[in-house]
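Undergrad: So you can see what is in the structure, the chains are spelled out below.
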Amino acid sequence: MAKLLALSLCFSFLVLGATSFSFRHQAEENVCQFQRLIAQRPDNRLESEGGFIETWNPNNQDFQCAGVALSRLVLRRNALRRPFYSNAPQEIFIQQGSGYFGLIFPGCPGTFEEPIEGSQEFQQRPQDTHQKVYTFRDGDIIAVPHGVAFWIYNDQDTHVVAVSLIHTTSLHNQLDHFPRRFNLAGNQEQEFLRYQQRSGRQENEGSNIFSGFSEEFLSHSFQVNQDIVRNLRGESEPEEQGAIVTVKGGLSILSPPERKDNDNSIEETICTARVSMNIGKSLPADIINPQAGSLRTANELDLPILNHLGLSAEYGSIHRDAMFVPHYNLNANSIIYALQGGAHIQVVDCNGNRVFDEELQEGHALVVPQNFAVAAKSQSEHFLYVAFKTNSRASIANLAGRNSFMSNLPEDVVANSYGLQREQARQLKNNNPWKFLVPPQESEMMIRTVA
Amino acid sequence: MAKLLALSLCFSFLVLGATSFSFRHQAEENVCQFQRLIAQRPDNRLESEGGFIETWNPNNQDFQCAGVALSRLVLRRNALRRPFYSNAPQEIFIQQGSGYFGLIFPGCPGTFEEPIEGSQEFQQRPQDTHQKVYTFRDGDIIAVPHGVAFWIYNDQDTHVVAVSLIHTTSLHNQLDHFPRRFNLAGNQEQEFLRYQQRSGRQENEGSNIFSGFSEEFLSHSFQVNQDIVRNLRGESEPEEQGAIVTVKGGLSILSPPERKDNDNSIEETICTARVSMNIGKSLPADIINPQAGSLRTANELDLPILNHLGLSAEYGSIHRDAMFVPHYNLNANSIIYALQGGAHIQVVDCNGNRVFDEELQEGHALVVPQNFAVAAKSQSEHFLYVAFKTNSRASIANLAGRNSFMSNLPEDVVANSYGLQREQARQLKNNNPWKFLVPPQESEMMIRTVA
Amino acid sequence: MAKLLALSLCFSFLVLGATSFSFRHQAEENVCQFQRLIAQRPDNRLESEGGFIETWNPNNQDFQCAGVALSRLVLRRNALRRPFYSNAPQEIFIQQGSGYFGLIFPGCPGTFEEPIEGSQEFQQRPQDTHQKVYTFRDGDIIAVPHGVAFWIYNDQDTHVVAVSLIHTTSLHNQLDHFPRRFNLAGNQEQEFLRYQQRSGRQENEGSNIFSGFSEEFLSHSFQVNQDIVRNLRGESEPEEQGAIVTVKGGLSILSPPERKDNDNSIEETICTARVSMNIGKSLPADIINPQAGSLRTANELDLPILNHLGLSAEYGSIHRDAMFVPHYNLNANSIIYALQGGAHIQVVDCNGNRVFDEELQEGHALVVPQNFAVAAKSQSEHFLYVAFKTNSRASIANLAGRNSFMSNLPEDVVANSYGLQREQARQLKNNNPWKFLVPPQESEMMIRTVA
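Residue numbers (the UniProt record's numbering), protein chains in the order written: chain A, 1 to 451; chain B, 1 to 451; chain C, 1 to 451.
Certain hints may be false.
Identical copies go unnamed one by one, so any copy, or any two together, can satisfy a pair.
To be verified - Under the rule of at most 25 Å between Cα atoms (straight-line distance), these lysine to any residue pairs were calculated in the SDA-like manner:
1. 132 to 419
2. 435 to 246
3. 132 to 439
4. 132 to 284
5. 248 to 422
6. 248 to 421
7. 248 to 96
8. 281 to 246
Derived by calculation from the structure, the hints in this document are not laboratory data.
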């Protein structure tokens with residue numbers, strides 16, 4: 001109930017206090033002037049020992065307009081995505097699977113102490129100290145700040161599928177708008193390198209950050225011998241091993257304590273901040289219409305670190321033939337990724353042109369630019385999607401239904417704006433009693449019941 | 001007096017607390033490197049049934065540098081500008097006339113309840129519920145946030161003239177920098193479409209947002225019949241009707257309670273925020289020099305919603321032959337629109353070049369970029385202007401007069417910087433005892449008295 | 001100790017309160033995609049009567065990527081850099097010398113009152129009133145906000161050398177990204193004019209702001225005669241006099257009270273804000289390793305006005321053959337200026353390419369873009385540098401050493417990421433017990449001892 005308010009009371013922050021934000025900056029001329037939008041699948045796959053990474057071309061106009069880059073990670077059992085950091089804030093949605101992940105916040109202390117593996121002699125051996133390890137499961141949104149190193153591991157049989165959005169035009173990215181992965185281990189090309197338009201390629205490219213430093217610098221800095229330095233630089237491994245390695249026997253790690261999603265205690269510093277929350281189908285939604293579907297959001301009110309990132313997300317489930325009414329994103333670009341099933345989506349630009357009118361299919365992503373109007377009708381038993389939003393308090397303006405634009409106009413303004421009789425205006429304002437999601441038309445329900 | 005302080009104590013916010021802001025982002029290379037600035041009139045007019053809309057070309061270099069788009073709306077009696085929203089924050093100055101307007105804040109409840117028109121049977125009939133309706137009069141500044149729908153209506157004989165500024169390079173606009181009007185009713189082209197440089201035009205363009213959705217989607221979402229949907233999509237009306245319609249018999253609306261301009265109570269949320277204030281000539285000014293003129297500003301201290309928009313405004317009245325001393329805008333671009341009369345204005349760039357040296361005439365607009373120095377001498381009995389500023393706490397640095405740059409330099413720094421004797425330096429610092437506005441020279445006063 | 005925490009606890013501000021910031025906006029495509037970085041000296045010198053100004057070309061790709069412009073000012077004895085303001089926030093580091101400077105904050109009152117020079121008859125003569133005058137000495141960082149006029153004076157025999165960074169892509173600059181000096185006195189070209197790429201040059205260019213106004217406007221505004229106006233406009237002096245004049249007999253000014261660097265009282269407004277602090281070698285550092293060197297930073301916690309500017313700085317001293325371990329700037333671009341001696345620096349991009357691998361020599365500047373990894377080894381007895389950072393709370397992520405990325409990874413993640421044995425992983429994590437700075441290798445120490 002409180003969450004429903006949060007979703008709809010869009011930007012009540014105004015007088016309540018100053019809000020730090022990290023909107024984006026868009027420079028390229030006309031980059032949001034579309035003839036049409038295109039729903040897209042990844043166009044490249046980088047195979048690794050333990051799984052693969054798929055990427056969408058960040059140079060596509062849709063992504064350029066939204067200022068984002070998208071990729072998808074698949075981890076097989078015992079697969080470890082080795083650590084990397086990115087030049088912009090990131091949201092990762094766990095589409096499937098579960099396991100562990102870690103973030104290395106620069107300057108924060110290592111607070112986890114655990115006995116060394118296989119050690120019987122607990123007291124005698126030194127403990128391993130490291131920063132917090134987190135568990136994840138499907139439906140989780142993980143917030144990864146710019147410059148914070150991240151690793152993730154699958155300890156189950158089910159493949160882990162994780163969809164990641166980088167907000168490259170965030171003000172936190174002080175480089176140009178290109179997405180960058182800084183790999184901290186391995187001997188593989190960073191996943192967005194192939195999309196860079198550069199005059200010439202350098203010879204030693206396709207390695208991790210440490211491979212760029214000289215052996216002398218590394219051995220001095222780490223106080224280790226040449227053998228270890230070679231591994232640090234990724235020299236002793238084939239490029240095919242890639243970003244994801246398979247851990248033989250499984251990763252030995254202190255099992256982190258169970259996460260409490262309802263923990264709303266105030267975090268003192270970034271070092272102890274919550275970095276993930278679940279918005280998947282297993283939890284009660286923020287908006288539920290039993291005949292039509294449900295919505296659940298993660299924004300800065302739910303997960304304060306999102307304020308720092310300038311991002312939020314929405315998880316939706318829409319029943320067959322039910323509709324998400326025409327609406328627009330007030331203050332964010334929205335990147336819809338279809339998790340399961342399909343939906344017929346229409347998107348309309350400022351000139352009244354329909355720039356998208358297709359089924360969005362499972363595994364495809366669609367950019368809906370800020371203020372463009374959008375509506376959807378589910379074509380599956382349960383159309384499931386996640387929408388990444390480029391604002392930590394993204395809000396929606398509904399054009400139809402209860403408490404929508406139309407219902408909040410004075411009746412006589414409706415009548416005169418649309419050339420309607422007062423009685424017709426009243427229908428336009430009030431006939432739809434639902435918010436956000438509308439159940440299937442009765443005719444459609446009939447057909448389905450008969451069939 | 002408190003306001004005078006506010007105008008001049010430019011950015012004392014520093015240590016007092018964090019301030020959210022929404023400055024702009026400017027990308028195009030050299031876009032502010034002018035050979036000369038050009039005062040401009042609108043270059044296009046879109047006629048409608050009830051009035052017309054004039055636009056300045058947003059592609060002009062001056063507007064590109066300032067990151068703004070300007071337009072002017074004229075409403076005849078009983079004319080309704082049908083609802084629309086824009087992709088960036090907006091300030092509207094009411095140059096003439098009075099009437100009603102409405103804003104539809106997404107997520108905010110409808111708080112106005114009124115009996116249905118002509119209804120005798122008050123108790124029996126349902127009331128109409130809608131969001132707040134506001135009155136306006138000449139001299140008002142109206143703040144319209146990005147994505148918030150707006151309509152305006154003239155219930156008087158006097159034409160309403162409203163000048164509107166959109167801050168397209170605001171960080172709140174996550175699209176490209178082009179100004180966009182999303183019309184929510186009618187069958188007309190949005191007012192800035194003609195300035196878009198696009199490869200090809202689409203066939204159905206020139207309609208409102210709803211015309212981009214299919215009839216099926218609309219009838220399902222609004223639960224209304226095909227007749228109503230056709231009107232919603234603007235199909236049943238000629239394009240000539242345009243954005244402004246004439247309401248036969250006048251708009252029937254609950255007269256909103258009188259606005260209290262002095263109401264400084266803290267707004268709890270955006271839903272109850274004040275959205276307008278008067279800075280016109282009927283009110284006491286912030287700065288008054290009876291022999292020279294007066295200034296009045298609207299910034300985030302007066303109207304807190306401006307903090308959210310990142311905009312402010314200044315209204316000025318300058319007597320004939322009086323001067324606004326050389327000054328610069330510390331932290332904002334300024335767009336001066338001449339309301340009445342004319343003034344001789346000089347603008348100087350960082351290289352000491354005079355890039356403007358003309359009379360700014362009634363109805364013309366002049367961009368004065370941030371930090372460029374500017375001075376004006378009125379050539380009319382009362383030169384009236386409004387200046388839109390791209391900062392919610394825009395501040396001015398005076399170069400001459402009391403408490404100016406010059407008067408705050410140590411005397412010996414003045415003497416040595418300008419190669420003057422101490423006595424001359426003292427004159428340069430102290431001879432002008434006025435702030436901002438200087439009365440006519442005595443010689444000029446003499447001439448006028450004699451003539 | 002508290003400062004050490006500040007340096008390393010990088011962005012703990014998150015939940016503690018909203019923070020206003022002024023990151024930059026970067027638009028030019030690919031502007032940070034380097035084949036290699038280039039350490040640079042100034043490429044132009046403008047001679048003046050009392051000293052000279054050297055500039056780095058702001059159109060170089062490195063500076064374009066970082067969104068900054070760099071210049072260096074040299075003042076001989078009794079030299080006064082005449083007042084000017086800039087279109088973006090600025091940090092000035094005093095490399096050498098001492099003297100006075102002033103800032104003219106628009107709207108702030110003149111709070112210094114002093115007797116007129118040479119006046120015996122104290123009571124009879126009027127006092128001179130002006131804004132605060134500050135002292136400076138070597139090692140000072142001076143914060144100069146956008147649009148705030150600044151002058152500086154050398155009252156000693158030692159030349160003053162001041163290095164200045166303008167953050168042109170700061171959101172506070174609403175013009176294009178070009179650096180601009182608005183000279184308020186003199187008859188010389190502003191120092192960055194020569195780098196502007198413009199179609200045609202105007203005739204009267206190369207003068208101060210006042211020279212752009214007509215005599216009529218100036219005499220009216222200042223209420224002074226034509227002689228004074230001519231000096232105001234710089235007409236009566238040769239261009240060769242330049243931006244820096246020599247004050248015959250020395251500047252007569254009220255000696256400001258001694259600055260207290262430890263004064264941590266809260267400033268009420270910008271008018272009374274501290275604008276400088278010392279980070280030079282004479283003070284205790286934030287991080288000290290007696291065998292390796294020391295670091296000291298100035299950020300928004302030390303000097304609150306930096307929060308308003310969006311800038312900070314770091315002063316470092318590294319002993320011969322000691323190393324600054326591989327690290328990256330989490331949230332800022334860094335511009336390293338070598339003050340004394342030289343160091344071997346390596347910089348690595350996101351693709352693992354070494355884009356810099358040279359000695360950074362005294363007087364050269366090197367841009368290290370955000371998130372690029374960098375390490376340095378001193379080649380002088382004491383390599384001294386200052387690093388300007390484009391974030392008011394810039395933070396560093398160390399890749400090696402105590403509390404680094406590597407030491408905060410779980411041991412088994414290290415082992416599996418780098419294909420190491422557990423024992424080797426433990427060495428990689430823990431062998432280097434130092435933070436930031438590592439003493440020379442023993443072999444090197446031996447050589448030096450022997451030699």
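Undergrad: To test your reading of the hints: which numbers does this structure violate?
TA: Of the numbered hints given earlier, those the structure breaks are 2, 3, 4 and 8, listed in rising order.
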